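Chemist: One letter stands for each residue in the lines below.
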Amino acid sequence: MTRKTLLPAALLSATTLLVAPAAFADITLGAVIPLSGSNATPGEDQRRGIEIAVKEINDAGGVLGEPLKVIVEDSAGKPQTAIDAARKLVTVDQVPLVIGSYSSGITLPMGEYLVQEGIPHLNPASTSGLVRNIGDSSFSMVGLDNVSTEFAAKQVIANGWKNVAVLAVNNAFGQGVAQEFRKHLEAMGGTVKTSVLFTGGQPSYRRELQQLEATDPDAYVFTAYGTDAALIMQESFELGLQQDAPWYSILITMMNKDTAPEFKQGLTGMDVGYLGAGGEGYAATYEASYGETFLSAYGGYAHDAVLFAAKAIEMAGSTDKAALLAAIRTLGDEGFSGATGEIRLDANGQRMSQPYLKFKVEGNDLVQVD
Amino acid sequence: MSDFLIHVAAVSCLYGILALALNLQMGFSGLVNFGLIALFGCGSYGAAFAHLWGWPPLAGLALGLVLAALLGLFFARLGARMSEDYWGIATLSLAEIMRLVFTNEQALAGGAQGVSGLPVTFSTLAGQGAGLSRLALYAALLVAAFILCQRITRSGFGMALKMMREEPQLARALGYDLGRMRAIVMVISSLMAAVAGFLYAHYLSFVGPEQLMSHETFLIWSMVIIGGIANNWGVVAGAFLMQFALAYVPFVKDWLDLPTDFVAATRLVIVGGGILAFLIWRPKGLFPERIGGSHG
Chain A
1 MTRKTLLPAA
11 LLSATTLLVA
21 PAAFADITLG
31 AVIPLSGSNA
41 TPGEDQRRGI
51 EIAVKEINDA
61 GGVLGEPLKV
71 IVEDSAGKPQ
81 TAIDAARKLV
91 TVDQVPLVIG
101 SYSSGITLPM
111 GEYLVQEGIP
121 HLNPASTSGL
131 VRNIGDSSFS
141 MVGLDNVSTE
151 FAAKQVIANG
161 WKNVAVLAVN
171 NAFGQGVAQE
181 FRKHLEAMGG
191 TVKTSVLFTG
201 GQPSYRRELQ
211 QLEATDPDAY
221 VFTAYGTDAA
231 LIMQESFELG
241 LQQDAPWYSI
251 LITMMNKDTA
261 PEFKQGLTGM
271 DVGYLGAGGE
281 GYAATYEASY
291 GETFLSAYGG
301 YAHDAVLFAA
311 KAIEMAGSTD
321 KAALLAAIRT
331 LGDEGFSGAT
341 GEIRLDANGQ
351 RMSQPYLKFK
361 VEGNDLVQVD
Chain G
1 MSDFLIHVAA
11 VSCLYGILAL
21 ALNLQMGFSG
31 LVNFGLIALF
41 GCGSYGAAFA
51 HLWGWPPLAG
61 LALGLVLAAL
71 LGLFFARLGA
81 RMSEDYWGIA
91 TLSLAEIMRL
101 VFTNEQALAG
111 GAQGVSGLPV
121 TFSTLAGQGA
131 GLSRLALYAA
141 LLVAAFILCQ
151 RITRSGFGMA
161 LKMMREEPQL
171 ARALGYDLGR
181 MRAIVMVISS
191 LMAAVAGFLY
201 AHYLSFVGPE
211 QLMSHETFLI
221 WSMVIIGGIA
231 NNWGVVAGAF
241 LMQFALAYVP
251 FVKDWLDLPT
261 DFVAATRLVI
271 VGGGILAFLI
281 WRPKGLFPER
291 IGGSHG
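Protein chains in written order, with the numbering used here: chain A, 1 to 370; chain G, 1 to 296.
Since the hints were derived computationally from the structure, they do not count as laboratory data.
Mixed in with the good hints there might be a few duds.
Below are the SDA-like pairs computed for lysine to any residue, each with C-alpha atoms no more than 25 Å apart in a straight line [said to hold, decoys possible]:
hint, chain 1, residue 1, chain 2, residue 2
1, A, K55, A, G273
2, A, K193, G, N104
3, A, K78, G, L286
4, A, K321, G, S123
5, A, K78, G, K253
6, A, K78, G, P119
Between beta-carbon pairs, the in silico distance windows are [unchecked claim]:
hint, chain 1, residue 1, chain 2, residue 2, range
7, A, A347, G, L279, 34 to 40 Å
8, G, D261, A, E314, 30 to 36 Å
9, A, A323, G, D261, 52 to 58 Å
10, A, Q368, G, A136, 57 to 63 Å
Computed from a prediction, not measured in an experiment: that's the story for all the values here.
Yeah, the Cβ is synthetic: ideal placement off N, Cα and C, and Gly gets one too.
All chains, please: the whole structure from these sequences, using the hints.
Modeler: Structure below.
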């Protein structure tokens, strides 16, 4: 019997020690982003954006005269882990605001938890239309799918591609993009000949690519994450699909870094504008700090989320939840200028206007086109 | 008691119920089920459907239980025709099929985007009341599941299950109807898993196909292996140990001021390394099975 009681007792004492709240005088915010799993690259980009923002704020004297700190937790790309992390931030670290996460399937349940607790939630990357309904205390620093796919559809039509084949990753994000893109393209007189949804992480996508090829489209429109997209581009090149019709990528920065130059010649696409007016300083700091250009388009949004939160806390004069929520709404109405341009929020707390950029690939780099 | 501790304890209770369910199948009856998460999914999607169709939550529970019982019977029936290892693979495939159907049938339950906004159990209670009430409910159900499992495994039926596990030919020769026994075990443990799934859905407020990934099944396997196969105390201890270990890794990071990447790596080591270490050095787990029936 002793062993039976020993273990729980040890566990209990260990956990009581661990949950003793840390005494920080600084203003501490929380962030939950993917630092492991298939989205670890954009997650790392978000982490860098947060780091730069914290440094900027502290160099300028902090928030309410106190140094700012952001506790970053890993979502591991799983809803349960992300919610565990959010709970830790809210109940143990007692942060007044949580930023996160990356994919919509995680942001939705995590945001709902935060809304139940009445904790302000800033979404820095998830674009599924469902994000709009998370709740009162949830705000988006990024424009949602309906806005981005409309932009992409306009471009596709402008290029003279009326009949297209769509390839998207089979998750909450990809399904949303495929649906919204079809709606916009058809409204503009185009046709989606087929929408193929693929499961990420496969060793080959030839079957999916042949399905697309069979419809003989004017262009291939796709959206995929890093390493999956690299394989898709390589195999479409090997199968000769790229000779028959042009490829167009929705959110092209998600995949560009991972794909070798020889497999993406002539590729064009769009992405959220990660630099608005006044964002050059952020880009310069980023390159100076990490010795490379942005890993994805989303670091800027995480960066702006931190700046936005800090400004709101300044306006509220404290980290009290009600005052902070009121300040976020006021700031959202007035508009806030970040590295990604002006952030204005609509009645649902979603970003109203969102800069998008057109890109083409040149060698390994993306070049912006007008 | 801190809110976070309450949260981790509450989730541990639900995983404890799942571990007991798996233990009843795998530990005592030798039914190597790799698809336990599908039975859990019956409960969580029962809750999701009730929410989508505007039913009261308890109707969702009833729906989940019916689905789980049917799926459990189907598993058991499959088992009648194939040997244990093939059956294990079949259960894994069925769970994957279920996940793929829910991912792709977007009209059914939101596809990959899942169903969100489910009402949270006891959310109307103020302050810590909600968390503590949930913990009390889950703990009470865990105790009930535990007593049920102890009763079953110590009864004559439990002895017959062990015989089915060890010497199926002998059990058959002695006149036991193995098909029927398998069906009974599957239905009971499926219902337990579905209750856990239903409560989990109304705790997380979100149901999506990503919750049905096979690695979730293996997390429960790790609890059973580390805690002690065929020992009801052991698997509950395993469930709590794993949940607490995984949930408290970020605190170690904060303490030692380590980068956040440390957390991901450590979690992998805990689950994967834990299973391996126990299989190699202590295959019977922390609390080994007690041989000898009713005086365990």
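Chemist: Next step is simple, just say for each hint if it's right about the structure.
Modeler: A quick look at each hint next to the structure:
1. Annotation: proposed proximity of A/K55 to A/G273 holds, straight-line Cα distance about 23 Å (limit 25 Å).
2. In summary, the hint linking A/K193 to G/N104 is supported, as the alpha carbons are separated by about 19 Å, within the 25 Å threshold.
3. The hinted pair formed by A/K78 and G/L286 fails the criterion: a straight-line CA distance of about 28 Å is larger than 25 Å.
4. Restraint check: the Cα-Cα separation between A/K321 and G/S123 comes to about 19 Å, which is no more than 25 Å; the hinted pair holds.
5. Straight-line distance between C-alpha atoms of A/K78 and G/K253 comes to about 19 Å, which keeps the hinted pair within the 25 Å bound.
6. Taking the CA atoms of A/K78 and G/P119, the gap is about 21 Å. The hint holds against a cut of 25 Å.
7. Taking 34 to 40 Å as the suggested C-beta distance range, the pair A/A347 and G/L279 does not conform, at roughly 56 Å.
8. G/D261 and A/E314 have their C-beta atoms about 32 Å apart, which keeps the hinted 30 to 36 Å range intact.
9. Roughly 35 Å separates the CB atoms of A/A323 and G/D261, a value that falls outside the hinted 52 to 58 Å.
10. For the pair A/Q368 and G/A136, the beta carbons lie near 58 Å from each other, so the given range of 57 to 63 Å is met.
Comparing the model with each numbered hint stated earlier shows that hints 3, 7, 9 do not hold.
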